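Colleague: Protein chains in written order, with the working numbering: chain A, 1 to 335; chain B, 336 to 745; chain C, 746 to 986; chain D, 987 to 1281.
The hints are simulated quantities; they were obtained by calculation from the structure and are not laboratory data. Treat the hints loosely; a few may be bogus.
Stated by the list, open to error - Restricting the straight-line Cα-Cα distance to at most 20 Å, the calculated cross-link-like pairs of lysine-lysine (PhoX-like) are:
{"id": "1", "chain 1": "B", "residue 1": "588", "chain 2": "D", "residue 2": "1120"}
{"id": "2", "chain 1": "A", "residue 1": "107", "chain 2": "D", "residue 2": "1019"}
{"id": "3", "chain 1": "D", "residue 1": "1019", "chain 2": "B", "residue 2": "612"}
{"id": "4", "chain 1": "B", "residue 1": "590", "chain 2": "D", "residue 2": "1120"}
{"id": "5", "chain 1": "A", "residue 1": "107", "chain 2": "D", "residue 2": "1270"}
{"id": "6", "chain 1": "D", "residue 1": "1120", "chain 2": "B", "residue 2": "561"}
{"id": "7", "chain 1": "C", "residue 1": "976", "chain 2": "A", "residue 2": "107"}
Said to hold, decoys possible - Pairwise CB distance ranges (calculated):
{"id": "8", "chain 1": "D", "residue 1": "1056", "chain 2": "A", "residue 2": "182", "range": "55 to 65 Å"}
{"id": "9", "chain 1": "A", "residue 1": "161", "chain 2": "B", "residue 2": "721", "range": "56 to 66 Å"}
{"id": "10", "chain 1": "A", "residue 1": "100", "chain 2": "B", "residue 2": "641", "range": "55 to 65 Å"}
{"id": "11", "chain 1": "A", "residue 1": "100", "chain 2": "D", "residue 2": "1042", "range": "48 to 58 Å"}
{"id": "12", "chain 1": "C", "residue 1": "918", "chain 2": "D", "residue 2": "1150", "range": "51 to 61 Å"}
{"id": "13", "chain 1": "C", "residue 1": "923", "chain 2": "D", "residue 2": "1077", "range": "33 to 43 Å"}
{"id": "14", "chain 1": "A", "residue 1": "137", "chain 2": "D", "residue 2": "1150", "range": "52 to 62 Å"}
Unchecked claim - Residues of chain A placed beyond 12 Å of chain C at every Cβ, according to the derived structure:
{"id": "15", "residue": "14"}
{"id": "16", "residue": "21"}
{"id": "17", "residue": "99"}
{"id": "18", "residue": "100"}
{"id": "19", "residue": "108"}
{"id": "20", "residue": "159"}
{"id": "21", "residue": "188"}
{"id": "22", "residue": "191"}
{"id": "23", "residue": "193"}
{"id": "24", "residue": "203"}
{"id": "25", "residue": "207"}
{"id": "26", "residue": "209"}
{"id": "27", "residue": "277"}
{"id": "28", "residue": "325"}
Predicted model, so just to flag it, every value in this text is computed and none were measured. Beta carbons are placed, not taken as given, at the ideal position from N, Cα and C, and that holds for glycine.
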Amino acid sequence: MTPSLARGLPLVVLALVAFGLPLAVTSATYLHILILLFLYAYLTTSWNLVGGFAGVLPLGHAAFVGIGAYTSTILSLQYGVSPWIGMFVGGLLSSLVGVIIGLPTFKMRGAYFALATIAFAEGIRVMFENIDYLGPLQINGPRGLQIPPLKTGLVHFMFADKEPYYYIILVMLAAVLALTWAISRSKLGYYLVAGGEEPEAAQSLGINVAHAKLAAMAMSSFLTALAGTFWAQFTLYIHPKSVMSLDISFEIAFIALIGGRGSIAGPVLGALLLRPVSDFSRIYFGDTLPGLHLIIFGVVLILVMLYQPRGLQEPLTRLYRRAMGRLIGDRGAPG
Amino acid sequence: MQSNRQLICIMITAALVIAGAHAALAQTTIKVGNILPLSGPSASVGLQNKQAQDMAIQEINDAGGIKALGGAKIQMLYADSESKPEKGVAEAERFINTEKVNILTGAWNSAVSYPVSAVAERYGIPFLVPVSVADKITEQGFKYVFRIAAKDSWWTRDQFAFLKDMEKEFNTKIATVAFVYENGDWGKGFAEGWKKLAQQGGYKVVLDEPYPSTATDLSPVVQKIKRANPDVLFLTSNAADAILLTNTMAEYKVKPKAIIASGGGHADPSFMKATGKNARYLFDIVEWETDVNKPGADKTNEKFKKLYGYNLAGESVDAYVAMYVLADALERAKSTDPKAIRDALAATKLTTGPAMIVGYDAIEFDASGQNKHAALVMIQINDIGKGMERITVWPKVSRRANYKPVFPTP
Amino acid sequence: MKVLEIKKVRRYFGGIKAVENFSLDVAEGAIVGLIGPNGAGKSTLFNCVAGVFPPTSGEIVFLGERTAGLKPWDLCRRGLARTFQIVKPFAARSVLYNVMVGAFAGTARRSEAERRALEVLQRLRMEHLSHARAGNLTIADRKRLEIARALATRPKLLLLDEVMAGLRPTEVDEMVAIIKGLRDSGMTIFVIEHIMRAIMALSDRIAVLQFGSKIAEGTPQEIARDERVIKAYLGEDYGAA
Amino acid sequence: MLFIIEDTINGILMGSIYGLAALGLTVIFGVLKVINFAHGSLLMVGMYVAYWAVLLTGMHPYLSLVVVVPVMFVFGYLLQDILIKPIFKSEKEVREPITVIIVTTGVWYILDNLALLIFGPQYRNIQDNPLRGKMLEIGDMMVSVPKLWGFFTALATALVIYLFLRKTRMGRAVRATSLDRDAASLQGINQYRIYNIAFGMGTAVAGVAGVTLVPFYNVFPTVGVLFDIKCFIIVVLGGLGSIGGALLGGMIIGVIESVGPQFMTATWTEAIVYALFLAFLFLKPSGLFGVKYDW
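Chain A on its own, in the form it takes in the complex (with noise of 0.2 Å):
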C-alpha cells in the first residue's frame, strides 16, 4: 500500500460511514439532526470559501440563504418550476447580489467589513419583510411562504422520508468539499490565501486581489443560495425571521472559527462539535431551564477560542498526522 493510497484510505472509509449511516440511524429524529448538521457543514465550507481562504470575516451569509430559500420557493410556488431549477436561479441571483456586496465592501478591512456585511444582511431582511409583490411575485412580507406538502417525490424536491433529505444534502456537502479542495489547490485559492494575508505583497505579484475575493463571494454566495432552497424544501415553510435570522450568519462564523477557517476539514470538523451541542443542550434543557442551552453554547465557544484560538482543526490533524504515522510510517506532507 503506498502512503497516499493509506491516506486517502481514511477519507473512503468516511464517506462509505456517511453513505451507509441511515442503515444505522433509523430513527428519525436523529437523521434529522444529521441533516441540519451536514446542512449546516455545507453552509460553513461555502462561507468558507470568503471567510476562511480570503481572511475576512463576513457575518451576513442569511441573505444568501434566504434568496435561494425564496427564489425556488417562489418559483414553484407561482410559476411550477421544479426546486432543482429555482435553485440554480436563486444561486445565480444571490451570486449577483455577492458581487453587489463585495464591491464595496471588499475595500474594508476587518472590523468594518463584518459590520457591513451585518448591516448589508439585516438591510436585505428588513426589505423583504417590508414587501408583500415584488411586481408579479408574491413575497408575502412578513408572514413568509409555506410550502404545501402535496407533491412529493425528487422531482418536487419533497419526500416524505427522511433519507432522500439526507443523501441530498450529503452529496451536496461532498460536493462542495470537493470543490474547495480543488479551489485551495488552484491559482485562485493560492491567490484568495494570498490576498488575505498580505495584500500589497499580493498585488504586486500581480493579483487583482479585489478581483479574486469578488470571485470567491459569487462562488460562495451561489454555493449557500442553494442550501436555502435545501432548507426551505425541508422545513416547508420560510419567513424573512428564520430564513435571513442573524442568528444563521452567526451561527455559521462560530462553527467555521471552531473548526478552524481556512481549511478543508474546519467547517465539517466544527458542524460536528457545535451542532450537537446545541440540539441536545436544547432538548435536554430546554423545557426545564429555559435558555440554559444558549449558555452552555457560549461556554463552548469561549472555552474553544480561549484553548485553541486557530480552531480544532489544528490539533486534530496534528493527532491524525501522529496516528496515520504510527500506522503506516509516514510523515505525512507538511502544510
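Fit chains B, C and D to the known structure of chain A by using the hints.
Modeller: Just chains B, C and D, lined up with the frame of chain A:
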C-alpha cells in the same frame, strides 16, 4: 449571590430529574409533546402557556389519570422552539420518532405551528393547537390539526361587532379608525381583516401603520397617531411594544375615543404592571377573563395565581383547556393510538368539567379542526376601587354585573 | 532599448514633497542603483514605478507603455516585479506555497506553477527550505524568499528594495552574486540599497536622491568622485558599510 | 410643520441615548481594536442593576449611577481580564483578533440567558419614579423629560471621557496604547492593564446608558439585542473609535428614525436607515470623524 446558588441547585436537580425520568416512567403513560418558545423573544408567553398546562396535567393526573386506560397518567414533554420554525420542526420530529408521543401540542408562534402541523399530518399524530391564531393553520386541509382558540378573522370580526354595539349603546358616532400593528405574521393578518371590516362598516381609515416590534422608540408612531387623530385606534402588539406604546401615548396625551387592542402583548401579565394607570379605559379582546361568569373560573384562577403569582390570561386558559379536551378525547378513544385519539378529538363535544371555565358552552371542532364555539370577549381595563383590573364588557350577556363601560374615553 | 523611463516625476503627500522632478532611464540588461539618505524618497519613487500610487505629475514609461492608471497587478503581468523593504511573506504558508503564488502569474496550471517555483528556489539555493513555514525563516532567508517570489513571476524588470539590509557580510556577497546572475540571464534590475559596498560592486549606473531630488547620476566611479554626493551623504558612510 | 421640529428634537434626544450606548462600544474599539459583540448584553446587565437598585431602595433613577458605574466597571474589567486578555496574549501579532468577536458573542449568549434564568422573561419597569411620563410642554410641542435627562447625561459622559483621555495620566496612557500598543508597552505602559481599564470604562458607559433608559423603558433579558445592531451602525457611521462621532452618529440615526415615520411607515424607515448607512459606507468608509481608515 443567592440566586446563583439557587441556580446551581436547580441545575443539579434538573440533571437528576432528567436522568431519572427516562427510567422511572411506567408503560401506562400518555406522552404529549409540547413545543413552545421558552427562550428568545417570545419566552414570556411560552412560559405562561407552559405553566397553565403544567397545572392542568397535574390536576388530571391527581384526579386519577385517564380512567378508560386504567388510570394512565399524562406525561408532558416540553421543547424549546426559540420561536424558530426549523427548531420547532426538529423538535416535532424528535417527539414523534424518538419520544413516541401520542399527541403534539403548541407551538404558540404561527410561524412554528405551520411547519409543525405539516409534520404532524405526515406522521398522523394529532396536533392540538391552543393559541396560534392565523386562519391558515386550520385551512390547509389537514386532518390531524385541531385548534382551541378563535382564528384571527373571528377576532377582528368581534372587535368591529363590539365597536358597533358600543356606538349604539352610548349613542356615539365613530367615523375614523387607525390601525397600528406589529409588522409580523400576526399583526399583518389582523390588519388585513380590519381593512375589510372598516370598508364594510363605512369607517374611514386615517392611519394604517405597521411598525417593527423590535423598535426602540415608538414616539414617532405615537406622534403619527396623534396627528391622524382617529376616533378609534386598533392595536396589535407584542408585550414590549404594547407597554411602550401605551406609556408613550399617555405621555403625549393621545386619547382617541377608544383604543381596541388584540390580546397578545396587551394580555401579557407584565402589561398591567408595566403600564399602571396609563392603560386605563383600554379595550382588549381576549378568549377569557378572570371575571368570566362561569362556575369554577375564579377558583381555577386563584389556584393558578397562588402557584405562579399572576392571573390566568386568555392564552393560558386556552392552553389549560386544551389539556382537558385531550383528556376527554383519551377517555373516549380508550386507546393511545394516534388515529383513535384523532377520531375522538374530531368527535369532541365537551360541555362539562374543568374545561368549562371558558366563556362559551361547548367545545366542538368543525371539519377543518377549528373549535367552532370559540368565542371572544372584550374587556376594559379600569380602576373601580381595587386598582387596575380587566373587566369583561362584551358581549353584553357576559358583562360584569353593575359595570358600565367607559365609552368614549373621557 | 530602455526598459523604464521615469520622466519628471513629482510625488507630493499633502504639502510634503517626497519626490521632486525626478528623471531616470533604465536600459535593458542594466543594474541601476538608487541611493540616498533615509527619507530621501527612494521607496516613494519605487511605489510610483510599481503602481502603488500614481505620481502627482510627470510620467513613467515601462517597456514603451505609459503606466498611468495601471495597478500593481497590471504592471506585474507586464513584467515588473518588486520586493518590499519590510518583507511581507505569507507567514502561515510554506516557502514553496509563497513562491507558487508568484509563479501563478504566468500560468494557471498548478503543476507548471510548482515546477517554476522549484526552479526559482533552486536558483536561489533555497530548495531545502521548500516546506518550511515562511514565518519561521531567518531574516536572510526571508529576504531571499521575497526575491524568489518576485522572480517566479518571470519579470523583465525587477525592483529590489533594500534586500541586503540586515544581512551578514557573507550573505551580502552571496546576494550580490545572485543578483548579478539574474542580470546575466537577461533581466533588468533597479535596486535601492544602503550598503555602499554592495551597490558599488553591483550597479552599472547609480542615481543619488536627496530630499526628493536627484543630485547626481553616473557610473559608480563617477558617483564616488562626485563632490555633492560625498558632501551630502557618502563621506561618512562609504567606509563604514 | 411644527411636528417636524418636535420629531427632530425627539430624534436628537433618543439618538443621544443610542449614541451613549454606542460610546461604550467605541471606547473599547478605540483601544482594543475589537468589536465587543456582548455590548448590548452589558447594557442589559446595567439596566437590571439600575432597576433593582431603584426598586429596592426607592432612590431617584439617576442616583443609581453610584451603584451602576462601579459595578459595571468592575464587571467589564474582570471580563476583559479573565476572558479576552488570554487571546491578546496568545495572538500578539494579530491586530484585530477575530476570535475576540466569538468570545464576546459567547458572553452575549451567556448573559442574556442567565438573565432569563434568574429574572424570568417578564417585562419590567418602574412605575413610580420621579421621571416617568414627565413631559415638557413648550407651546404645542412636547419633549420627554427622561429623554432630556438622557441627552444631558450623554453629553456629560462624553465630556468626562474626553477629559479623562486628555487631562489625566491614565488617560494619556490609554490614548498611547490605542495609537500604538507596542510603542506604548515600550514606554513602560502595561498594555493589558490599559485594556482592562478601557473595557471596564466601555462597560460602565453601557451601564450609564442603561440608567438613562430605565426611567422610561422596559427591562427584559433580550433588551440588549434591540440596541446591538443600532450601536454597530452608529459606531461605523461616526467613525470607529471616535467619541464625538458616536454621539453624532446616534443623533443622526435617532433623527431619521423619528422624522422618517412621518413620511412613510416605521417599517420602511427601518429599511431606510440601513440603506443610508450603506450608502454612507460607500462614500465615506472612514465614518464622520474616523481617522483615515486602516483599522
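Colleague: Please name the hints from earlier in the document that this structure breaks, with their numbers sorted from lowest to highest.
Modeller: Hint check: 3, 7, 21, 22, 23, 24, 25 and 26 fail, others pass.
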